[in-house]
Amino acid sequence: MGKVSSLKAEVEEVRDLVEIFSVLKDVATNRYYQMIGQQEDLSNFFKEFDVFFNMLGSLNTSSPLIRNTNPVTIILTVTAEPSFMSILNSKVCNTALEEYKKRPNSKVVCVGWRGEDKCKQLGMEVDQTYKNVEEFGRYQSALKIRDYLMEKVISGKAGRVICVSVFAQNFSMLKPKVVTLLPAEDMIKKGAAEGKRSNLGQGRDFILESGVDALMRVIADVWVTTRIVEILSETKLAEFAAQAQQLDSSIDGLSAERKGLNIQFKKALRANLNKAIREVVVASKIKKN
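Numbering (the numbering used here), first residue to last: 50 to 338.
Since the hints were made in silico from the structure, they are not lab data.
Backbone N, C-alpha and C fix where the C-beta goes; we use that ideal spot for every residue, glycine too.
Each hint can be trusted.
Label pairs and their calculated CB-CB ranges: (1) Gly302 - Val76: 18 to 24 Å; (2) Gln170 - Gln313: 41 to 47 Å; (3) Thr229 - Ser304: 43 to 49 Å.
The list that follows gives simulated cross-link-like pairs (lysine-lysine, BS3-like), each with its CA atoms no further than 27 Å apart: (4) Lys151 - Lys226; (5) Lys52 - Lys316; (6) Lys52 - Lys315.
Please take these sequences and the hints and turn them into a complete structure.
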C-alpha cells in the first residue's frame, strides 16, 4: 500500500495547489477589472483636458515645456518588479534600446530596478532610477519623476521626454508602447484636432490673468503628472493580467499532472487489489490441501 498512499498524497497535494492557484487567479483578475474602472476615470479626465489644450492652441509661447528644439531626449523606461514580468520587462527595455539608437543624444531614466539592470546589460547608460514605486505610492512617485523631468527640460539639459512602458491592450494582449510626455506641443496639436471635430473649446472667450508661459507651465505640470500616474497604473494593470495568465497556465499544467496521477493511483490501487485477491486465492488453496 506504500505506493498507493504516496500517489494519493500527491493527488491531494496537486488538488490543493490547483485550488490555491485558482483563488489567486480570481484575485488578480478582479483587481485587473477594478483598475480598468480607475483607468476609465483618467481617460475621462484627459478628454476634459483636451478642451483646455484646444482653447490655448492658438496662443504663442516660447515655453520649453510646449515647444522645444533641443535634440537631447530623456527615455523614461518603466518596468515592473515581480519576477513573472521578466519577459515583458525585456520587451520594454528592448524597445527603449531601439529608441536609444534612433536618438544619439539620449539619456535613460528607469522606473524599477529590474529595468535598470536590463538597460545596463543592453549597453545603455542610466542617469537616474526610481525604485519601490508601490511602496512610496504611484502618485508620490509620479511627483518625484515629474520634478526631475520638468527641471531637465526647463534648464535646457533636455528637450524631449518619451516614455516606454508595458500596455495592456486587453486582458491577453500585453505589449510595450512609446508615448511623448514633453514637450506638450503634440498634445496641443491633438487638442486642436479634437476641437475641430467636436468644437470643444472653440469660440470660447477667456481671460488670461497670468503670462502665457506661466500658464503653460501649470498646464504642463498637471499634464505630465497625470500621464505618469496613468503609465504607472497601466504597468500595474499589466502585472495583474500577466499574473492571471501565468496562474492560468500553471493551473492547466497542474490539472494535467493531477489527471496523470489519478490514472497512476487507480492503476496502483487495482494492482494492490489484484495482488490481495491472488493472495486470498492462494491461501485458500493451501488451506484446502
